[in-house]
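Whole structure, please, built from the sequences with the hints as guidance.
Order-wise, the sequence lines are chains Z and C. At position 36 of the first sequence (counting the first as 1) the number is 36 in the working numbering, and the numbers step up by one without a gap. At position 60 of the second sequence (counting the first as 1) the number is 60 in the working numbering, and the numbers step up by one without a gap.
These are calculated hints, taken from the structure and not from any lab test. Here the structure is a predicted model, which is why all the values come from computation and not from measurement. Heads up, a few of these hints could be off.
[Unchecked claim] Pairwise CB distance ranges (calculated):
no., chain 1, residue 1, chain 2, residue 2, range
1, C, Gly-49, Z, Lys-197, 32 to 42 Å
2, C, Trp-63, Z, Glu-291, 42 to 52 Å
3, Z, Phe-322, C, Phe-66, 51 to 61 Å
4, Z, Thr-171, C, His-32, 38 to 48 Å
5, C, Gly-94, Z, Trp-416, 41 to 51 Å
6, C, Trp-63, Z, Leu-371, 23 to 33 Å
7, C, Tyr-88, Z, Gln-107, 39 to 49 Å
8, C, Pro-89, Z, Gly-407, 32 to 42 Å
9, C, Lys-57, Z, Phe-182, 23 to 33 Å
10, Z, Met-408, C, Trp-63, 53 to 63 Å
11, C, Lys-57, Z, Ile-148, 40 to 50 Å
[Unchecked claim] Which chain Z residues stay away from chain C? Per the calculated CB distances, all over 12 Å, these:
no., residue
12, Val-47
13, Val-54
14, Thr-67
15, Val-170
16, Ser-177
17, His-218
18, Leu-280
19, Gly-316
20, Phe-325
21, Ala-350
22, Ile-352
23, Lys-365
24, Ile-380
Ideal Cβ placement from N, Cα and C applies to all residues, glycine included.
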Amino acid sequence: MAPKDPLQETFIEGSGNTYLSLQDSIGSLTLDQKRHNRFAWWFPFVVAFGMLQVMMLAITLLVFVGTGIWGINNPVGWGFAIINFVWWIGIGHAGTLISAILLLFRQQWRNSINRFAEAMTIFAVMCAGMFPLLHTGRPWVAYWLMPIGPNNLGMWPQFRSPLVWDVFAVTTYLTVSALFWFIGMIPDFATLRDKAKTFVPRFAFGMLSMGWRGASRHWHRYEQAYLILAGLSTPLVLSVHSIVSLDFAVSIMPGWHATIFPPYFVAGAVYAGFAMVLTLAIPVRKWYGLEHIITLKHIEWMAKIMLATGLFVFYGYICEAFYAFYSGNPFEKAMMLNRMTGPYWWSYAALIFCNGLAPQILWSKKIRQNLPILMVVCFIVSVGMWLERFVIVATTLHRDFLPSSWGMYFGTIWDWGLYLGTMGLFTFLMWLFLRFLPIINIFEVKELFYKMTGRHGAPKPAAAVAGTPEKVTADE
Amino acid sequence: MSETTLEQPRLHGILAEFDDPDDLLEAAGKAHAAGYTRLEAYTPFPVHGLSEAIGFKEAKVPWLIFVSGVIGAFAGLGLQYYTAVIDYPMNVGGRPNFSWPSFFPVTFECTILFAAFGAVFGMLGMNGLPRPHHPIFGGKNFELASQDKFFLCVESDDPQFDPARVSEFLRGLGAQNVSEVEND
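This is the structure we're talking about:
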């Protein structure tokens, strides 16, 4: 069964493109470092580097003093650490969605953005992973989380705990994402190796390319492995955020103990992730002259996915409120009323505005294609998704079952410092990636160009005209 | 038959360069039809139908991934069974030691992890990578095989290999450049 052929759409814009011109507009970002010597690269990089120092400071102080520098208390033991962990993991999910799920759905338009989004996944998961480790307060014994044993306590991890499931889910996710990313880059490393004129890139890309020579037997196995890896990543990405949500849902806390949590967390993850991809892609395509490869069509489709997943998330909010009142459980009802009208009412109101209402303007095509407004919407969504986790953690925990153990929770300057610092780390790594690795999948863009312009077995025309794609033969 | 010595033959093969993936696809099909069995094509991106055109069919990688995944599932479940049932049984709320529904997530993650390792290392291993050097890199213009040129190589261990005849045959297929690739 052939899916609807999406190649009639314009994925690569402009006339006069050739394999080499497409390759150069991407590859020269790495090989011709002069393309970077300007404000657009240095300014974000220096700011991010400064923020990274804030992170180092926050971590150092945490290691010396302990988690008392944070705002966590009794009853709110899960503060920013869990909020930011879930936020970052969620952001990573769009990368896997773009690279794996859209590959399985044969959405060719993903080729322009998948490398970029995969990098984002890996860096976001790195930021996320730091929070639970630091939340232990003793990150130097974090290896107790792994089943290396018996350790000096003579014990094993408790495999009935969702927190241990998380360890396995997140480490597997990071490993598989990194493998997927690296495997995807091998042919591009070979391209850069053969194109490089000077020793250092030639040597570095030569090592990284592992001697890739583009043999068709190799491509044959490569494509089998890549496709199956995508098939494996798809349930993986769904499982990761489901397991993250089980950290909450397996407990008996009001507001957490709900079966809707896994799907609604996954939708929220994709939603936040696409907001981040857009936030990064919109300036990068402009600054680096990639507008013919990451076209307005890509931007618009990502905005549409954001709108759709935003609606899933909003549906989740409505269901949560409905369950709370319909369940007849007095604790659930009290929690929901407290969430809407209690001391944290402002966070819930802001959440509904950011995630439920603001994205609705994306129904308009004009707005989807208006980049400044779209950027603002993406920012609002990122804030909204952070608020969502804040609302979930704070409003449930701060009023325990017994009024005697009620309290309030606010982050301290070190909570904010560490959060800001991970944003610095993320941007820092992202900007290094922009400069030193091929940020768009070169061979897939070439393949896409071939599919758009090639003859595919038809007899040779007098002159091949770019932009008039033939029907693509099924290639299963 | 080619005149080969007992030593490694002088030539790795005859390399033909094409401008266009469709030309290569046609040429590869014709070369295969002409009875050449030791063919290899080199392209900057995967061209669908090319490996079939040179007569290469294989599905070992998917099986390898499947087997790795099964091993991963047993490893994950086994780890949990060993730690929670055999080595350190702990009564949690009166549940059975082998409370398998709680063991499902870790088993699943291990399945994916092992399968992914199988996919990546299996693919690289079967392709014989990493391999920094290969005679084909010495071929004329071969650095363009990762850029925008498309190559077909008839290797010297082909039973019909004869440098002159093969070169002529490849030129007849519309190749731009036909050259000998030496073994070194």
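Hint-by-hint comparison with the structure:
no.	hint	result
1	C:Gly-49 with Z:Lys-197: 32 to 42 Å	holds (34 Å)
2	C:Trp-63 with Z:Glu-291: 42 to 52 Å	holds (43 Å)
3	Z:Phe-322 with C:Phe-66: 51 to 61 Å	violated (43 Å)
4	Z:Thr-171 with C:His-32: 38 to 48 Å	holds (46 Å)
5	C:Gly-94 with Z:Trp-416: 41 to 51 Å	holds (44 Å)
6	C:Trp-63 with Z:Leu-371: 23 to 33 Å	violated (47 Å)
7	C:Tyr-88 with Z:Gln-107: 39 to 49 Å	holds (47 Å)
8	C:Pro-89 with Z:Gly-407: 32 to 42 Å	holds (38 Å)
9	C:Lys-57 with Z:Phe-182: 23 to 33 Å	holds (27 Å)
10	Z:Met-408 with C:Trp-63: 53 to 63 Å	holds (58 Å)
11	C:Lys-57 with Z:Ile-148: 40 to 50 Å	holds (44 Å)
12	Val-47	holds (35 Å)
13	Val-54	holds (33 Å)
14	Thr-67	holds (27 Å)
15	Val-170	violated (9 Å)
16	Ser-177	violated (10 Å)
17	His-218	violated (5 Å)
18	Leu-280	holds (26 Å)
19	Gly-316	holds (21 Å)
20	Phe-325	holds (30 Å)
21	Ala-350	holds (33 Å)
22	Ile-352	holds (31 Å)
23	Lys-365	holds (33 Å)
24	Ile-380	holds (33 Å)
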